[in-house]
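**Q** Taken in sequence, the protein lines are chains A and B.
Counting along the first sequence from 1, when you hit position 69 you're at 69 in full-length UniProt numbering, and nothing is skipped either side.
Counting along the second sequence from 1, when you hit position 327 you're at 327 in full-length UniProt numbering, and nothing is skipped either side.
Careful: at least some of the hints might be erroneous.
Here are a few chain A residues that face chain B, going by a calculated C-beta distance under 10 Å [to be verified]:
#1 Asn-36
#2 Thr-165
#3 Gln-166
The calculated DSBU-like cross-link candidates involving lysine-lysine, where the alpha carbons are at most 30 Å apart (straight line), are [claimed, not checked]:
#4 B:Lys-281 x A:Lys-122
#5 A:Lys-97 x A:Lys-122
#6 A:Lys-169 x A:Lys-80
#7 B:Lys-331 x B:Lys-281
#8 B:Lys-63 x B:Lys-281
#9 B:Lys-331 x A:Lys-54
#10 B:Lys-92 x B:Lys-328
#11 B:Lys-63 x A:Lys-32
#12 B:Lys-92 x B:Lys-278
#13 A:Lys-164 x A:Lys-32
#14 A:Lys-97 x A:Lys-32
#15 A:Lys-97 x B:Lys-63
#16 A:Lys-54 x A:Lys-80
#17 B:Lys-278 x A:Lys-32
#18 A:Lys-122 x B:Lys-278
#19 A:Lys-122 x B:Lys-92
#20 A:Lys-122 x A:Lys-80
#21 A:Lys-164 x A:Lys-97
#22 A:Lys-122 x A:Lys-54
#23 A:Lys-54 x A:Lys-32
#24 A:Lys-32 x B:Lys-71
#25 A:Lys-169 x A:Lys-32
#26 A:Lys-169 x A:Lys-97
#27 B:Lys-92 x A:Lys-32
#28 A:Lys-97 x A:Lys-80
#29 B:Lys-63 x B:Lys-331
#30 B:Lys-278 x B:Lys-331
Just so you know, the hints here were simulated from the structure itself, not pulled from any lab data.
Since this is a predicted model, take the numbers as computed values, not measurements.
Heads up, the beta-carbon is just placed ideally off N, CA and C, and yes, glycines get one too.
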Amino acid sequence: MEQLTSSLAPPRASPKSNVASSSQQVAGSVAKRLSNELMTLMMSSSPGISAFPKHDGNLFEWVGTIEGPSETIYAGLTFKISISFPSNYPYVAPTIKFDTPCYHPNVDITGGAICLDILQDKWSAVYSVQTILLSLQSLLGEPNNASPLNPDAASLWSTPTAFKTQLMKHYRPVSESS
Amino acid sequence: MNFLDADVPDPTDFPPHSTAPGLRALDGAFRCDICGELYDGPVTISCGHCFCSACIRMALANKQECPSCRKSAGEAHIRPNPVLENVISSWKEARPFILGLVRREMEHATTPQATTDKGTVRKRKRSVENSSSFDTLGSGVAGPSSYPISPSRGPAALLKSPSRPKKPKSAAQEIIDMTVPSSDIEEDETTPPNLAPKADEIVACPICQKHVRYRSLNAHIDRDCKDIAPSFNTVNSWSKIMGTSKNGQNKGKHKKTGSDSDDEYPLPISTYTTLKDKQLKDMLTQQNLPVTGDRSIWEQRHQRWVMLYNANLDKSLANRKTKAELRKDLKRWEEERTRKKKTAITDVKGYQIENKSEFNRLINAARPKAPSRSTIHPTSSPPSETKGPPLLSQLSLTEAGDSIV
Ligand SMILES: [Zn+2]
Ligand SMILES: [Zn+2]
Ligand SMILES: [Zn+2]
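Kindly produce the complete structure, drawing on both the sequences and the hints.
**A** Set out below in C-alpha cells:
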C-alpha cells in the first residue's frame, strides 16, 4: 500500500510565513478567548449590558449586569448576574444565573437559574457573553410562557399590574459595593 | 494577571468605517468565530463556513453541527482552505504595517493645519483606487474566469490547457501518491502515451496545484482535490500510524525536523470507553505522551492530542508545527485547565488595586474609540435567532468601570 505523502497545499513562496505562525499560541485557549470577549464588550457600546471578571482574580468567574429593556415591565431595573465559564468554554455554555432576584416566567426566583435554549441545547461555540447578555435582555421583555420555570410568573404575565407588584416585591436594587 | 495584561489585537485596533473604510471589517473577516483570532489552519466545512481546524474539531466533538448555521457537519466534512491560509499569512505581515500607516495618517489629520492636506491624501487615494480597478478589469479578461475547468474532463485534457499555471519549483515539493485501484491504472494507460505524462510522472493538479502522480490525478480531481488518507479500522493499519513503518513507506516523504515526524496520516478518533487502561496507556506511550494523572486525564490528553495533530495536518507544510511543538501546546493546554481550578488569588486587596488601574487603563484606551464604533465584531454579534433588544439609555464605560471597583 502506498500512502498519501503530501501536504495539502503547495509550498510557500515566502519562508517568512513561518515566523508569523511560530509565535502563535495554542488554538482554543480559554484565557485568550475570554480576554478577547472582555475587550469586545468594552469596545462596543452595547446599551444596558456589561460584564467583568470578578474581584477574586478567577478569570473563569464574571459578574454581569442587565438593564431591563425600556417599554417593558422591567424598564428602569438593573439585574446582576453571575457567569461561570467551564474549562472547555466556548465549546460548552457558561453557567449563568441571576444574583438579583428576578420575577420572570423563565427564571427561578430563589436560585436564579435561567431557562433559555441558547444556554442549554442550543448553545454554539460562536456565541459569547455579549450574545448571552443581549438574549437575556430580550428574554426579559419576551418570556417563553410555554415552559415556565416560575409558573406563577407565567400565569400573572397577562395582568401587568399584578405582575409588577410581585416583581417589585422580590426585586432588590443592585448595590455598588457588592 | 496575564488575563488583563494581555495585549488583545482585535478589529477595533483599526479606526471605524467612516475613517478607514473596510479595514476593521477586513480584520474581522479574517477571524475565526470560535476563538476570535486570525484563522490558524483555516478549514471549510460542507455549509461553507470557515474556522480554525482545531476550533471546529473541538466544536464537532461536542456537537455535530456547524456552530454558525447549525447545518449538520462532521469531521469528514473538514477541508483545508490553503487560499485563506495564504491570505492570513500575508495579512499577519501587513497588519502591523497598515496599522502604522493608519496611525501616522490619523496623527497627521488631527493637527489643525493639516486639514487641507488630509483632503488631498484622500483624493489621491481615490484616484489610485480608480486606476487600479481599471487594471483589474483589464486583466480579468484573461484571468481565471476564462479558464473553465470541468472536473469531468480527463487529466490529459486539463494538462494541455495553455493557461495552466506554472508548476512551482521548490525543494519542498510534495507528491501525492494515492493508492489507485488497478482498474484506474489500466484506464489511464489507454490515453495516448505521447500526449499524456507517464503514469508515474509527477504533475501539478491544474485545479489545486498539488503534486500528484499522473495516474492518481483523476482520482484526486474526483475527490475535489481533497486527499483523504484511507481510514484505519484494522489493528494492522493502526500499528502503521504508530510509526512502525514497513515496506519502505517512508520513501519520498517530506522530512520534518525531529525524528518522530515522518507520519502524515490523520489520527483516528477513538472511543475511549471501550478501551482498557493498559490500551489507553499504550496509545499515549506510542504517541510519546506522558501517562501521568488518572484515567480521565489520559482520555482528555489523547483526545486533545489527536485533535491538535489532525488540525496541524490541515495546514500547509510551511505552517505546520513539529510534534515537539504540538506536545508543548498540549502541555500548555493541560496546565491552563489545571490552573483554572486554583486561580483564586489569595491577596484579594492587592489584586483589586492592581486591576482597578488595569481596568481604568483599558477603559481609558477604549473611551475615545467606543463612540465612533460602527461595526460589530463578528464573534460578538448576536446570533440570528436573538432578537435585538430595544435601545436603552447607553451605559457609559465609566459607569461600567465604576461598578467593578
Ligand atoms: Zn479559531
Ligand atoms: Zn455553517
Ligand atoms: Zn487539485
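**Q** Hint by hint, say whether it matches the structure.
**A** Here is what the structure says about each hint:
1. Asn-36: Holds: closest Cβ of chain B sits about 4 Å from A:Asn-36, inside 10 Å.
2. Thr-165: Given a least distance of 23 Å, the restraint on A:Thr-165 is violated.
3. Gln-166: Result: violated, 23 Å to nearest chain B Cβ.
4. B:Lys-281 x A:Lys-122: Violated, at roughly 35 Å.
5. A:Lys-97 x A:Lys-122: This hinted pair holds, its Cα atoms lying about 17 Å apart.
6. A:Lys-169 x A:Lys-80: holds (17 Å)
7. B:Lys-331 x B:Lys-281: Cα-Cα ~17 Å, so holds.
8. B:Lys-63 x B:Lys-281: holds (27 Å)
9. B:Lys-331 x A:Lys-54: holds (27 Å)
10. B:Lys-92 x B:Lys-328: holds (23 Å)
11. B:Lys-63 x A:Lys-32: This hinted pair holds, its Cα atoms lying about 22 Å apart.
12. B:Lys-92 x B:Lys-278: Distance ~44 Å between B:Lys-92 and B:Lys-278 Cα, so the pair is violated.
13. A:Lys-164 x A:Lys-32: violated (42 Å)
14. A:Lys-97 x A:Lys-32: Within the cut-off at roughly 24 Å; holds.
15. A:Lys-97 x B:Lys-63: OK: A:Lys-97 and B:Lys-63 at ~24 Å, within 30 Å.
16. A:Lys-54 x A:Lys-80: holds (12 Å)
17. B:Lys-278 x A:Lys-32: violated (35 Å)
18. A:Lys-122 x B:Lys-278: Violated, at roughly 37 Å.
19. A:Lys-122 x B:Lys-92: At roughly 34 Å apart (the allowed maximum being 30 Å), B:Lys-92 and A:Lys-122 break the hint.
20. A:Lys-122 x A:Lys-80: holds (23 Å)
21. A:Lys-164 x A:Lys-97: Status holds; Cα separation ~21 Å.
22. A:Lys-122 x A:Lys-54: holds (27 Å)
23. A:Lys-54 x A:Lys-32: Cα-Cα ~17 Å, so holds.
24. A:Lys-32 x B:Lys-71: holds (27 Å)
25. A:Lys-169 x A:Lys-32: Violated, at roughly 41 Å.
26. A:Lys-169 x A:Lys-97: Measuring from Cα to Cα gives roughly 19 Å; hence the hint holds.
27. B:Lys-92 x A:Lys-32: At roughly 18 Å apart (the allowed maximum being 30 Å), A:Lys-32 and B:Lys-92 satisfy the hint.
28. A:Lys-97 x A:Lys-80: With Cα atoms ~9 Å apart, A:Lys-97 and A:Lys-80 stay inside 30 Å; holds.
29. B:Lys-63 x B:Lys-331: At roughly 25 Å apart (the allowed maximum being 30 Å), B:Lys-331 and B:Lys-63 satisfy the hint.
30. B:Lys-278 x B:Lys-331: holds (22 Å)
Hint violations for this structure: numbers 2, 3, 4, 12, 13, 17, 18, 19, 25, all remaining hints satisfied.
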